[in-house]
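K.L.:
Between the sequences and the hints, there should be enough to build the whole structure, so can you do that?
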Amino acid sequence: MTATLEKTAPGPGSAESGLGAVPSFQVTLRVQRYLPTDAGDLPAGQDVGAPTPGEYRWDEFTLTMHGTDRVLDALHKVKWEHDGSLTFRRSCAHGVCGSDAMRINGRNRLACKTLLKDLDLSKPVVVEPIKGLPVLKDLVVDMEPFFASYREIMPFLVTTGTEPTKERLQSAKERERFDDTTKCILCAACTTSCPVFWTDGQYFGPAAIVNAHRFIFDSRDEGAAQRLEILNDKEGVWRCRTTFNCTEACPRGIEVTKAIQEVKRAMITRTF
Amino acid sequence: MQIHQYDVVIVGAGGAGMRAALESSVRTRTAVISKLYPTRSHTGAAQGGMCAALANVEEDNWEWHTFDTVKGGDYLVDQDAAEVMAKEAIDAVLDLEKMGLPFNRTPEGRIDQRRFGGHTRNHGEAAVRRSCYAADRTGHMILQTLYQQCVKNEVEFFNEFYVLDLLVDHDLAAGEVAEGDEVAVAGVVAYELATGEIHVFRAKSVVLATGGAGRIYKTTSNAHTLTGDGMALAYRRGIPLEDMEFFQFHPTGLAGLGILLSEAARGEGAILRNSEGERFMERYAPTIKDLAPRDIVARSMANEVREGRGAGPNKDYVLLDLTHLEPAHIDAKLPDITEFARTYLGIEPYTEPVPVYPTAHYAMGGVPTNIEGEVLRNESDVIRGLYAAGEVACVSVHGSNRLGTNSLLDINVFGKRAGISAARYAVDAPWVDLPEAPAALVQAELEEIRTRPDGERVGDLRQALQETMDANAQVFRTEESLHQAMDDLRSLRKRFAAVSVQDKSRAFNTDLLEAVELGFLLDIAETVVVGALNRRESRGGHFREDYPTRDDEGYMRHTMTYRRPLSTPVAGAGGDVDGSFSGSTELDGYRVVLGSKPVTMTRYQPMERKY
Ligand SMILES: Cc1cc2nc3c(=O)[nH]c(=O)nc-3n(C[C@H](O)[C@H](O)[C@H](O)COP(=O)(O)OP(=O)(O)OC[C@H]3O[C@@H](n4cnc5c(N)ncnc54)[C@H](O)[C@@H]3O)c2cc1C
Ligand code: SF4
Ligand code: FES
Chain A
11 MTATLEKTAP GPGSAESGLG AVPSFQVTLR VQRYLPTDAG DLPAGQDVGA PTPGEYRWDE
71 FTLTMHGTDR VLDALHKVKW EHDGSLTFRR SCAHGVCGSD AMRINGRNRL ACKTLLKDLD
131 LSKPVVVEPI KGLPVLKDLV VDMEPFFASY REIMPFLVTT GTEPTKERLQ SAKERERFDD
191 TTKCILCAAC TTSCPVFWTD GQYFGPAAIV NAHRFIFDSR DEGAAQRLEI LNDKEGVWRC
251 RTTFNCTEAC PRGIEVTKAI QEVKRAMITR TF
Chain B
-6 MQIHQYDVVI VGAGGAGMRA ALESSVRTRT AVISKLYPTR SHTGAAQGGM CAALANVEED
54 NWEWHTFDTV KGGDYLVDQD AAEVMAKEAI DAVLDLEKMG LPFNRTPEGR IDQRRFGGHT
114 RNHGEAAVRR SCYAADRTGH MILQTLYQQC VKNEVEFFNE FYVLDLLVDH DLAAGEVAEG
174 DEVAVAGVVA YELATGEIHV FRAKSVVLAT GGAGRIYKTT SNAHTLTGDG MALAYRRGIP
234 LEDMEFFQFH PTGLAGLGIL LSEAARGEGA ILRNSEGERF MERYAPTIKD LAPRDIVARS
294 MANEVREGRG AGPNKDYVLL DLTHLEPAHI DAKLPDITEF ARTYLGIEPY TEPVPVYPTA
354 HYAMGGVPTN IEGEVLRNES DVIRGLYAAG EVACVSVHGS NRLGTNSLLD INVFGKRAGI
414 SAARYAVDAP WVDLPEAPAA LVQAELEEIR TRPDGERVGD LRQALQETMD ANAQVFRTEE
474 SLHQAMDDLR SLRKRFAAVS VQDKSRAFNT DLLEAVELGF LLDIAETVVV GALNRRESRG
534 GHFREDYPTR DDEGYMRHTM TYRRPLSTPV AGAGGDVDGS FSGSTELDGY RVVLGSKPVT
594 MTRYQPMERK Y
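If you read the sequences in order, they're chains A and B. Counting with this note's numbering, you get residues 11 to 282 for the letters of the first sequence. Counting with this note's numbering, you get residues -6 to 604 for the letters of the second sequence.
No lab work stands behind these hints, which were simulated from the structure alone. All C-beta atoms in this analysis are idealised placements derived from N, C-alpha and C, irrespective of residue type, glycine included. Among these hints, one or two may not hold up.
[To be verified] Rough simulated footprint, nothing fancy, chain A against chain B, three-plus residues with beta-carbon under 8 Å: (1) 21 to 32; (2) 90 to 96; (3) 101 to 115; (4) 214 to 226; (5) 438 to 452; (6) 496 to 502.
[What the hints assert, rightly or not] If you want the ones that stay clear, here's a sample from chain B, every Cβ over 10 Å from chain A, calculated: (7) Glu269; (8) Gly270; (9) Gln477; (10) Asp481; (11) Arg543; (12) Leu559; (13) Pro591; (14) Tyr597.
P.N.:
Listed below in structure tokens is the structure:
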């Protein structure tokens, strides 16, 4: 399946018109397609072009793209101008909601943050769903196991005693201690880049540990011991093989592996 | 089809929805239905902060905050609501801190505060440090913190469920009830994205918390999913929408992309410059300059470009200059937004000014409510059991122009209030019968679109809609441009009747849902344009070049837009939208009827708005 689609001329106020000569270029997207077997009967005579339910298939689309266009723009171009059935999640389109983690040329990234011009365009750009979670349709995976691990590590502030009338005090330094891990947008890029998670879906995975870290090192929190207990489980932090895939994958620049190391250390030294 | 029953159903899991859920779920059986996973909601995109007169770093009080809110809204603010918000702001921030929100801190360890547009000391004397923040990720932290609390409290969520109809015992849009009779809510109809299955939720109380509608415009800071669903659901049942012509254009969107660079940048000292390097805001707002309210800054920028002082090869944007700020300061206070400039425009903000242009940002209007979050069906009567909070609602604390940081505040204060009201009502209220075949309408519409062999493409229609709104109903508006927009909307509505999708399956059919969302956008755009045509004055976010001044005599009133059957008698001369709040206009199969609602004034009489 190949289609060449033109992009309309840039309008006033557009980055393309404004920031000097912006090249247009040809991109070939190679996208993994999948339709589940329980997708319902397609209306008679209207099933042309749809993937055979239950089987994976690769579709190629050749598109004309511009300047700072991102992989998400290319996917939208396919969906809006050529094949409306291409399915993926997205919302914010600027890397803050965590909807569109996918495997792009073999690496986990957010489609809305990956500029096409930064990829090798001499070959097709390969887009697949993130690995290790059940594929529901095309690029959409079942996120429930991922969120279930997150919920298990008690991702909320635990305090005892009576609440102060005003705010709890926290020094700027104490606040800084866990700043990095507060940035997580639960996109699952880290967890689904982890070889341990691929072979053992029970492993909590980096994202859950990152979110445990966010509370363990918060000076206001009193639930660290419980969380460490949970993560001391056989499916907990000790399964981490320090391959750094997660750190590389994180679109928020969180030092994921370091956070995991810090949690391991806290488990041994009981200092946090 | 499945039928569920809950005392309270909350539609939307952004800041407003989850804040409501935390209150409601401890009081009674509550479900939250959201088309996105809660943490994907656009509250997470908010950057700058949330204002409250904590006075942690300098003298401040809630009365000054109220005044700024009223003045910022160009006096179209209901002052009782603004007072409630400013007063309860302090507890709202402290509540979030106690829930664990990691605010930036002062050297004493208290919540730090910074300047933000339009927030002043002592009624406009000078900018005040009132905004509580967590770097430039305040909304992210609010969304995460509220979700964390929902996990802790085991709030029940139905994620990736789209609410597509509001069930009421009398349909006002069909003219089923005489004005003055009681109307009560019965529940909602939802579509499960994963399976295509229809779910009917019977409820005593329904809280609408579906957020904004920025996608009626092409250049916007809003997520693709902000399609005005809750507003349209109410409007389709004949519930009025209030002040829809007031849409905020945020001054500093990345040029051409619309991605937002928070006002916090200017709060931290960034300066807007034109092609000549001039700090042009000194001319438009001599006292607070770059920190003037958004409507003023956005118009000033557009004016610079119009008068030929735009920067860039096509002179079509201005520059946001951070180069005089210390890189370390930028990294500490504005890490995310400077990364946006790097990632999306390839600009290094340490050394180069960033190209910016106004972007459609915030709907001041919405579903009318009182300060308890109850939805109004006219100037004063409520719909029993229906509540709204957040950007979907209009209480109205933002009047004709929202001040920065007041929305994160709004969602917390009025989300909490709506949650409490909805639960209290549900505890004693009787069940309302579901209508016969409650899902029939939704099912028929979806099947029609899904199985139509071919027709108009969703993408084409949406693009045409967004282009006409950008061209004709944006920062500058005229009678002529608005008539153009209205004509375009009429023809788009006809074309929409023939819309078809390529995805014919039932699993994860986002193609189908985008078609439905386009239908919502068309409804919202029409209320914006009709309101803007009627309002022959300029106030806050609504600027009519043909009526460039504020006209308190004629227009110090909220606009109310109603959908009514064609058979509704027309008022006024020929019934046109003639600037009188009594006109109407005919569309395919129904009539859009205008009305008004008085503005509540308590302490502040309207003054000229100078900064
Ligand atoms: C880029 C950006 C920066 C901002 N910065 C600030 C700031 O610094 N300070 C400030 O005060 N304000 C800011 N704002 C404004 C503020 O963030 C929003 O107005 C506010 O967060 C809206 O919250 P909400 O809960 O009403 O809606 P949202 O957070 O948008 O949530 C809407 C929810 O409704 C659900 N939903 C929608 N339709 C349906 C449907 N049909 N069925 C089921 N569920 C549905 C969605 O899934 C979502 O969960 C900013 C806005 C933007 C866009
Ligand atoms: S740690 Fe990074 S990669 Fe992992 S879920 Fe959070 S944001 Fe995504
Ligand atoms: S769409 Fe929100 S992170 Fe990419």
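K.L.:
Under the constraints set out in the numbered hints, which ones does this structure not fulfil?
P.N.:
none
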